[in-house]
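These protein sequences, in sequence, are chains A and B. Counting in full-length UniProt numbering, the first sequence runs from 1 upward without gaps. Counting in full-length UniProt numbering, the second sequence runs from 1 upward without gaps.
The hints are simulated quantities; they were obtained by calculation from the structure and are not laboratory data. Be aware that one or more of the hints could be misleading.
[To be verified] Result set (DSBU-like, lysine-lysine): computed pairs, CA atoms no more than 30 Å apart in a straight line:
hint	chain 1	residue 1	chain 2	residue 2
1	A	Lys-256	A	Lys-337
2	B	Lys-305	A	Lys-3
3	B	Lys-363	B	Lys-212
4	B	Lys-168	A	Lys-181
5	A	Lys-369	B	Lys-168
6	A	Lys-362	B	Lys-363
Source: prediction; values computed, not measured.
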Amino acid sequence: MAKRLLVVFLMLAVVCALLTGCWDRKEMDDFSIVAALGIDKVEDEGRYEVTIELINPPEVVGGKEAASGRSSTTTIYSAKGDTLVSAIRRISQQTPRETFFPYTQVIIIGEELARSGIEDIFDLLERNQEFRSTPRVLIAKDNTAKNTLSILSPLEKIPAEKLLKTSKVSGESLGETISVKVLEFGRKFTSEGIEPLASGVSIIGQSEDGQSQSNIEQTTPNSLIKSEGVALFKKGKLVRWVDREEARGILYVINKIDRAIVTLDCNQKTKALSISVTDTRTTFRAFKTERTPAIDIHVKQEAEVEEVLCEMDVADRHSILDIEKQLEEKTKQEIEKAIEIAKEENSDVFGFGEAINRERPKAWRDIKKNYEEIFPELEVNIQVDAYVIKTGMRKETYRRE
Amino acid sequence: MVKEKISSGQFFALLNLFVFGTILVVGSGLDAKKDAWIAIFIGIFGGILLFMIYYYLYKLYPDLSLIGYSQKLLGKYIGGFIGLLYIPFLIYAAARDLRDVGGLIGATVLSQTPSLFVSGLMIFSIAYVLYKGMEVLARTAEIFWGLVIILSMLGSLFFFLSGLINIKQVLPVLEFGWEPVIQAVYTQTIMFPFGEMVAFAFLLPYINNRKKVLKTGISGILVSGILITYSTFINLTVLGVDVVTRSQFPLLSAIQGIEIMELIEHLDVIAVLTLVIGVFFKTAVFYYAAIVAMADLFKVEKKEKLIFPTAIVILYTSIIIADNFPAHLDEGKFALITIFPLFAVGFPMLYCLIAFIKEKASKHKHGRTNKNTSV
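Required output: the full structure, derived from the provided sequences and hints.
Below, the structure written as structure tokens:
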């Protein structure tokens, strides 16, 4: 009996020691959630400047503590270091709380850093168990990540959320930006025959004001964040910004367009017809020619008429056919232009190389080594099928006599 | 001779969890790159062949463990010596799995906790289950098998819903031809996880329905093999071959990417639970096989006496086998082409051969005596 008691006692002692799990406990008031991470290049005091946006919980949730509503919902901290981790740890000199990264939503990279190469920053994002593969990558156009993160914005309490949503919403409704996850960016970066791309964010009306609460107390904020442009990369370096139709052309090819607004001509009036593309499906295949493989792109579009600024009778089948033809032509032109740009920069953001590898592995093995010389010469055929399926609530437009 | 009995359903569950064990985590056949899943799939057939070897011996000596027939076939001393070698092998295998879980949980989830405590908690819970007996382990396996299946179904559902699966990432199939795949099959996927089934050579005598052993064994290997092929395939399509090969815990990385409607995300627990359950049973099987081996060899009546000392040995071994986790993984690759083939294929093949010859000889003799008597 005594022996049995001893065994029970020993086991309890072991279990007590093992089950407490004290090492990894984290109390809510000991850490602060990081909403966004910004990375810039610096010359002095190390390689990188890291900026983090910490959420101030009471200000976000509201309640008694936030009754004043005066203090900002987030706070920006930044520090410099030779490596990202050393810079992040240096931030602890300024914050009373430990930083907590699993809920990071966006990673912003300053343009200067992007231009000089971001090949090294992904190791930490992959290696550290606190980071996930889901944060979106954005590039601060003509600016630093630090400035971009500092701008407070109306509507969304947390600037990171605002950045994320702006980029997402404009991507979905305008079709000129794209939301790229860290995982995807990193994968394209390391794969052969494809280069990464990412969306840009820029600041309109850069002013000191943008960083304070007063910026969002006005109906016309002095500073605003705008989602614009797609950055093309080549070997880890930003090589070119493309915008508007050019950006759309690229996104058409990689099948990342949900909706887009296209302006077409109508009769004699140019740019007088707004067509909303509601669905686009792109597939491309590699096929073999005598010299090198070539690419066949096939785009299928569904669209509806949104706005008519002329006397065109959209209730007429023939004019619908005309619109379809114009849309096909327009899409084709945009894609051609986009491919031309990518070829100029010799950056295969479309993954044509990957497609060749996928479908013509033998041919890829021959051209893999000098793909850089082949890509600018690559033969690409584009075929677009557009279908206008709706014309809105009215048939023909009203008469202006 | 053996009092405890497990049903064939329990054997099936145990075999399944054993195969899932660490493979869902560490991955196997990655030398075949994008075609790792094919290498694993082919490995299944190697696994079935191996199981046939163990089954052949089991059929001849249904009451004996590997130690028992080793002594019968090679004599008390030589057979006993080879049997003796099996004990450190099984303990080493158990310690490797324990190290896997300690290292991975430490690297991915509980970064501050010393891995000794993760491993310690694990091995002592296993020891407790084994102390209660083989039957308890088998019944526990049945319950957790259900849980793992539910988890993997949920996981798959979320992967499909999240749209992360990109089949293009495993294309082109057989980019570098069959050669690397076949190489990965015999250097990696047959041994890991299927070669490790040699541990079951010690447990087969516990199964109560002897007629069903072959059927259950093969279906168990098929089901678990197809599931790990599937999970490797999913990992590759979600993460891409580059990320999978450089991940410590590919399944966790893949699952972290799931985001559905901004609502279903941060599903790490699915991966971690699968890891912990799988490793629990895998370690337990090796551990119990080592206990059976010791008890058989040294004629220990009460197996329970061996359980706690062995737990300490396994825990200690798991700590000293490698200085750090990369060294541990590296050593694992080495063990897969040296130690494991010897114990999982070499000796059983030898026994098979001797048993076969003996059988023939005795039949021949038998036939001759028959003839003699008839004359």
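Against the structure, the hints come out as follows:
1. A threshold of 30 Å between alpha carbons decides the hint, and for A/Lys-256 with A/Lys-337 the separation of about 17 Å falls inside it, so the pair holds.
2. Proposed proximity of B/Lys-305 and A/Lys-3 is supported: the alpha carbons are some 14 Å apart, at most 30 Å.
3. A hinted pair counts as satisfied when its Cα atoms are at most 30 Å apart, and B/Lys-363 with B/Lys-212 qualifies at roughly 26 Å.
4. Restraint check: the Cα-Cα separation between B/Lys-168 and A/Lys-181 comes to about 18 Å, which is no more than 30 Å; the hinted pair holds.
5. The suggested pairing of A/Lys-369 with B/Lys-168 holds, with an alpha-carbon distance near 22 Å, which does not exceed 30 Å.
6. Distance hint between A/Lys-362 and B/Lys-363 is unfulfilled; the C-alpha atoms sit about 57 Å from each other, more than 30 Å.
The structure fails hint 6 only (numbered hints given earlier).
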